[in-house]
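Protein chains: 4
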Amino acid sequence: MRHRNPLASRNNDGGPALKERELKRKDQIEKPKGKLGVFIPGIGGAVSTTFIAGVEAVRRGIAEPIGSLTQLGTIRLGKRFEHRVPKIKEFVPLADLQDMVFAGWDLYDANLYEAALYARVINREHLDPIKDFLSGIKPMPAVFDRRFVRNLDGTYVKPGADLRDHVEALKEDISRFKAENAVDRCVMIWCGSTEIFQRPEEPHRSLEALQKAVDANDSRIAPSMLYALAALESGIPFVNGAPNLTVDIGAMVELAGQNQVAVAGKDFKTGQTLMKTILAPGLKARMLGLEGWYSTNILGNRDGLVLDDKDSFKTKEESKLSVLEYILQPQLYPTLYKNYYHKVTINYYPPRGDNKEGWDCIDIFGWLGYPMQIKVDFQCRDSILAAPLVLDLVLFMDLAQRVGMTGIQEWLSFYFKSPMHKEGLYPEHDLFIQLMKLKNTLRYLMGEEQITHFGLDYYMNDREA
Amino acid sequence: MRHRNPLASRNNDGGPALKERELKRKDQIEKPKGKLGVFIPGIGGAVSTTFIAGVEAVRRGIAEPIGSLTQLGTIRLGKRFEHRVPKIKEFVPLADLQDMVFAGWDLYDANLYEAALYARVINREHLDPIKDFLSGIKPMPAVFDRRFVRNLDGTYVKPGADLRDHVEALKEDISRFKAENAVDRCVMIWCGSTEIFQRPEEPHRSLEALQKAVDANDSRIAPSMLYALAALESGIPFVNGAPNLTVDIGAMVELAGQNQVAVAGKDFKTGQTLMKTILAPGLKARMLGLEGWYSTNILGNRDGLVLDDKDSFKTKEESKLSVLEYILQPQLYPTLYKNYYHKVTINYYPPRGDNKEGWDCIDIFGWLGYPMQIKVDFQCRDSILAAPLVLDLVLFMDLAQRVGMTGIQEWLSFYFKSPMHKEGLYPEHDLFIQLMKLKNTLRYLMGEEQITHFGLDYYMNDREA
Amino acid sequence: MRHRNPLASRNNDGGPALKERELKRKDQIEKPKGKLGVFIPGIGGAVSTTFIAGVEAVRRGIAEPIGSLTQLGTIRLGKRFEHRVPKIKEFVPLADLQDMVFAGWDLYDANLYEAALYARVINREHLDPIKDFLSGIKPMPAVFDRRFVRNLDGTYVKPGADLRDHVEALKEDISRFKAENAVDRCVMIWCGSTEIFQRPEEPHRSLEALQKAVDANDSRIAPSMLYALAALESGIPFVNGAPNLTVDIGAMVELAGQNQVAVAGKDFKTGQTLMKTILAPGLKARMLGLEGWYSTNILGNRDGLVLDDKDSFKTKEESKLSVLEYILQPQLYPTLYKNYYHKVTINYYPPRGDNKEGWDCIDIFGWLGYPMQIKVDFQCRDSILAAPLVLDLVLFMDLAQRVGMTGIQEWLSFYFKSPMHKEGLYPEHDLFIQLMKLKNTLRYLMGEEQITHFGLDYYMNDREA
Amino acid sequence: MRHRNPLASRNNDGGPALKERELKRKDQIEKPKGKLGVFIPGIGGAVSTTFIAGVEAVRRGIAEPIGSLTQLGTIRLGKRFEHRVPKIKEFVPLADLQDMVFAGWDLYDANLYEAALYARVINREHLDPIKDFLSGIKPMPAVFDRRFVRNLDGTYVKPGADLRDHVEALKEDISRFKAENAVDRCVMIWCGSTEIFQRPEEPHRSLEALQKAVDANDSRIAPSMLYALAALESGIPFVNGAPNLTVDIGAMVELAGQNQVAVAGKDFKTGQTLMKTILAPGLKARMLGLEGWYSTNILGNRDGLVLDDKDSFKTKEESKLSVLEYILQPQLYPTLYKNYYHKVTINYYPPRGDNKEGWDCIDIFGWLGYPMQIKVDFQCRDSILAAPLVLDLVLFMDLAQRVGMTGIQEWLSFYFKSPMHKEGLYPEHDLFIQLMKLKNTLRYLMGEEQITHFGLDYYMNDREA
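Protein chains in written order, with this note's numbering: chain A, 11 to 475; chain B, 11 to 475; chain C, 11 to 475; chain D, 11 to 475.
One or more hints might be untrue.
The list makes no distinction among identical chains, and a pair is therefore deemed to hold if it is satisfied within one copy or across any two copies.
Calculated pairs, DSS-like style, for lysine-lysine (alpha carbon to alpha carbon, straight line, at most 27 Å) [as the list claims (entries may be wrong)]:
hint	residue 1	residue 2
1	Lys353	Lys320
2	Lys324	Lys41
3	Lys168	Lys222
4	Lys34	Lys148
5	Lys353	Lys324
6	Lys181	Lys353
7	Lys36	Lys320
8	Lys320	Lys99
9	Lys89	Lys348
10	Lys97	Lys348
11	Lys348	Lys43
12	Lys141	Lys97
13	Lys36	Lys89
In case anyone wonders, no lab produced these hints; they're calculated from the structure.
These numbers were taken from a predicted model, which means no experiment stands behind them.
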């Protein structure tokens, strides 16, 4: 390597540097054994219930885990003519769906069958065959603070207002469930609501400051941070599916490093933003300029209701707006991308329920500056798109933890609207580069060659010689 | 390399194998000197006039070559923190726009100013400042055979019906122009119409058979093949912008090999198919299933008129339909892609002129099989999208020829709906892989490391040690 | 009346002229008594099963007859300040849903429950509660001739090939059903397939010629005509829901006149054409010019399959294309509508099933000729839109017959893509004028003032005086 | 008339009742003579400049007044077979375009050529031929109060803050222009901005209260009211093209009555709302239910900027939301229209300029409640749609004034989003009923029969007898 990596010695931002020799690779990676506990804040929400119901339906062989890279994805190894393309789940040793057990917290005390009915994502004809299973899962009372999520109003919450007490109560919930279910390893994944917009402040900068703030019941400590603290202090990897700060602050990365735990986030990349990170790289590939990108969303689920509060929307908006900037690189392409106008709106529209619809109106320009337009109407389903991401993230985080990849998991950027990344590095938002990064990381772990898609060698004679 | 490349020794399909030691690399590649002649069959059409007018406008500093990777593109070298991102045209030694001179053939004898007005792509306010230049370019009479393009009816054609005579007449046209304009190097690029559908037959299999068929005035020899023969026999690289067979037959690849000339094709990837090769990789990345993809196009230019003939459309249709199959790999993902219904229609719709519009209605399914829909309305401009491809291809083909990369240029797949490829290899249709292939080829030529987007090393300490 | 109506004395085209004094009006119109038999050729198709299942569901109070003017519509009487707005079904004496009984013919022998499942229009959860009722209805074997509908291939057909025998067999079917079910009055409504395109020829011009042709087994006599003959000869009103000629020929109008029977047609106005007759009057109201209208349809039901045959499509195409011409009146508005380009395509696209989707791309121009565009994506359901039309037509035709309005029912134009009309009159395609015509006809029958929407009188004092 | 019109004697809401015997009709209506002065507040805006430039272009024969009912419209008289369909402008005696002269006020002092360039609606190639004419029109300084339009900031305003002084200054402007240009008759039409939302309050209820409030410089008197006062006190008809209250208050109607002047308003019906009043009557005609209607608009002109202020948007929103309610009549059709969700947003999006785009997502339901969707993307041009309305309104208001139709002109509802109407009557929003009302009013004035579209008489013999 010709250049010294200036980031490699910095420990305070990406967690303690990984030590390559301590990473388990190839045959050192053991097959997972025993139960994998999945802890979900917001377990009664649309995403969680869709995820859990789906996993159970797949386990019973009555549905397919469409959308899941770990379950359906393949990975090409070696040269095109070798035709070595195993399934990802056969290539890397991931936990088996049969070994997953679920627990979580919610503001509403409905069991998961009731909650899934309320969410109106999965039809009754698919829920009823697994009613027994879903009814058996009941949320634990949540830690909630209405100042952070104004449009919700649940009452199934832990008593008191002392933050440290709440952290401890969550840790006890975890220990109890592990013990009762003989759980071997755990992952916690936030599927709760979007909290109001926060910028990192003093209490978020270092672990010491954070712990002090918790003790002082500082109003800048969001509920999601208490869940993360409980996880990391319990040695459990934490994934953040919302745009909340949560673990994307110095203090938490420090804690992850200290405890050798993996963290990943933030904000599941679904719907319109997913579409954006598909289309924008396409426009850039072809050097087509962008004059404006107007995005509107309509959705009628609880998520829509929460985002109808402007401060929660602000958190989401920041997450949604940044992707274009990073993908298009205006600093490299000022002629094409310096002055585009980007607007994102979200509208609560009850008729649509969970069937979110995103409409994008994209004004581009080509050769000699001539304008063209692209309109995309994406009639998607929020939770149907998110559920397989939850599954993949749980399995990959468990893998990361087992092989010793701790701290920020940048290789999982593929799944997030606002990928966490080491300070000093820019985040990667291009879906295709993200996928390449993910797959080349798997190849590295298993000792396979990196794929570059350079193909000239197929046309060369001498290399054989 | 563990596997012997079974393709490497086969000479009859990818042309004679490249010899790595004979390729010029890094400092061996000289800056181009002198004039670059660009020969265009169909020079009076919308794409050609938009290309040539645009190049001249850019040369005069009154417009930007938006859409051109060679002119605006950058290439990342080394690690993310090195911030080495030169412009492509400063990284590899490409011909300068100032050195390009244009010649070509057409069925109509209008000069290029008149032809550009007729095409109604570029507004008068942009054409008038370069009227002097455009008026000065007059087509040479075309070789034409109405059996191959039924809906056109030009009369500005070479006399007689003897194919060999036609090839010789084209070669003379080339020689004359080269001599009169002191041209140093040349590229020929087909911007003519879509010919009726042909499958490769006996006369197309070997060079010997082809030459015999030409001598026999065989009706299976399309006019585009005569142009290609004239180019390759004159040692001039040939690019095929239409879906016609032309050089995508054994006979031509053999000739390219014999004469050490580069060939590339086929069918410029613009509009709806471009969009398809952006979206389909995105769906596959996320393991979203496909139930159906309905694509309709409306356009009112001469291209639309030609494609109103069902046999010309058939040629185009084959080219358009295949992209999904290769990108989605149903053999690897039967659950997702085995049974989708793919339909493409093109409708001649005069109100739209060159402003092609493509509407895609995409039926996908996700988690547990739940259906979702994507609709894309692409209000594009056919020639505005194609012109920068012509520019890039001319410059890259000239580069390929200078560095000694002869035969099929698979690394230029990025530009084509139906990329030519070595027999035994599957073509690559994913726009993002195609771009990676192109850039890694450039990196290879200039002696830079391949980019893999593996990023774990940024998080590792030991590698420095 | 200042002008003598030149049409009034012509009897051979609109049927024998109505005699005003013989029409029953106001109190002369009796409440219908007894059962109303509904005979449906194509009873096993998607439209028929959706209609019949819906009527039964409404009768049982488990669904609403949305889309039905007779069931939900109101009619304003008198002045705006009078607030007299009865429901239509309370204003005119229509048959009650409870009194309808259903019979019909089909190519497939499935009972109506099976047929409804196959059609995949109504969900199982709505079909199962009325399974008993639907299973009890079995089609009678159809009269079928594959030369007229090439893409279908049913075997549940009447034996033999003698046309007169077929007519007689149909009439016997009718008599038997009437007797067995104590039916008081009947209506026949064609819900079968689109036959191949026919222009009226000699055998269609007069009743005598038609009867001769039937006797001669003339190949120009379509199966739908045999059904119509059976109906009219049995004194039963006939409605044509397809674009087939059927009763829209001189011979049938003559027969309708002779037998004093009402006829109406043709081609139910649903989906894209419905949308067109809503939008086009809007554009014309505002004097916006039209440059082009491109319409594409995708559908995957049996109707889609039939229309995949180009000769059946031709019949449909004629029906679909004509509406714009009549609404826009290019002869009156040459500046606006003389040169527009109108294109309609239908594509068989199985993923969509009965959920037809129509996409319209409309190029309009305004003030000084500046262009604008409208795109409409109508994700409709073919049979859901058609079923209430069947209900309304059955009830209104029964009314017409009872009050003595025989021959062509132009006042029902509202329901048809190609309204039948008296020779010498142009058909009315504007949905809003059609509705006005329908309602003013009802007002006339019940002795109420015609509504003109002239409102100046509200602002005038003297009129009271 | 069986019912006594309870509205006829009320004078305080629709102005003093029209006296039928005093109305001029048929031959009493004289051809207009002399110049017609058109006074426009906001004369430098996009709508005004598009209107004036267009009128001049039409006068010079270089463009067509597309979109104008008065110029291109026809009117059917008598029976269908009479074929009497004169042009409206040949049927009623309207002012000639050649006789129109223009004056107005604006916040910016640019002449109309400069203002039209700034508006970027009409291309330079159409503006340059009439540059002489447009440059010659200079705005007079405006009466402006930034509290009512926060996002604008012009400085070309009348000095001082005394409201009465402003009214007098405007009246002097009017007198001066009339004298200098030998103007015979005048119309004032508001093409200025949308003011912040106001509900009618005490000072708006009676003329006396209004005049007192003006004298007291009451902050509830909007600038637009001062213009209206100046017009009505000068005996000049006033049209309100914005959703501002202006003349839609008791005080102004009283003044209009006292001075025998015509008033009309409010808010030009263009773009998305126009589309809504076309589609909604269509849905209602077919008794299709509505679950939700989501409308978003993007536009980048000055209007968009003004509406980016939430209080101005509130005024517009009220105007836009009400149309559905009145058209769909939920009180008559509770099953269909009681619970729909209606949302309208407007987004300032500079890339689009005046080329407003409206996207509608309409959730409907049909037979048995099955859901369907309609999406409409209207890529319109705001000022191109509004300009012909300005022309028609000026001409029809002049006609109304000449024939003695004073007070509220409900028959012009066709042109407005929020038609002014007599208290106690509901406004008519259905575009097709509005057009019928307008045309039947013209027929009435010219002594022609009302058209009812009742067509049964064509099929009757006896009526002739």
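Against the structure, the hints come out as follows:
In this homomeric assembly, lysine 353 and lysine 320 come within 27 Å of each other (Cα to Cα) both inside a single copy, at 15 Å, and across copies, at 17 Å. Taking the shortest Cα distances, lysine 324 and lysine 41 never come within 27 Å of each other, neither inside one copy (43 Å) nor across copies (52 Å). Taking the shortest alpha-carbon separations for lysine 168 and lysine 222, only the intra-copy value of 21 Å comes in at or below 27 Å, while the best inter-copy value is 62 Å. Taking identical chains as interchangeable, the C-alpha atoms of lysine 34 and lysine 148 are never at most 27 Å apart, the minima being 37 Å within one chain and 68 Å between chains.
In the homo-oligomer, the alpha carbons of lysine 353 and lysine 324 lie at most 27 Å apart both inside one protomer (12 Å) and across protomers (21 Å), since each shortest distance falls under that limit. Proximity of lysine 181 and lysine 353 under a CA criterion of 27 Å is satisfied in neither setting, with 41 Å inside one chain copy and 44 Å between copies. Taking the closest pair of Cα atoms, lysine 36 and lysine 320 never come within 27 Å of each other, the shortest separation being 48 Å inside a single copy and 56 Å across copies. Taking identical chains as interchangeable, the C-alpha atoms of lysine 320 and lysine 99 are never at most 27 Å apart, the minima being 41 Å within one chain and 46 Å between chains.
For the homomeric pair lysine 89 and lysine 348, the shortest alpha-carbon distance between copies (24 Å) is at most 27 Å, but the shortest distance inside one copy (40 Å) is not. When the C-alpha separation of lysine 97 and lysine 348 is checked against a cutoff of 27 Å, the pair qualifies only between copies, where the shortest distance is 17 Å, while the shortest distance within a copy is 42 Å. In this homomeric assembly, lysine 348 and lysine 43 never come within 27 Å of each other (Cα to Cα): the closest approach is 52 Å inside a single copy and 34 Å across copies. In this homomeric assembly, lysine 141 and lysine 97 never come within 27 Å of each other (Cα to Cα): the closest approach is 31 Å inside a single copy and 45 Å across copies.
For the identical chains of this complex, lysine 36 and lysine 89 are neighbours both inside a copy (20 Å) and across copies (25 Å), given an alpha-carbon limit of 27 Å.
Going through the hint list in order, the structure does not satisfy hints 2, 4, 6, 7, 8, 11, 12.
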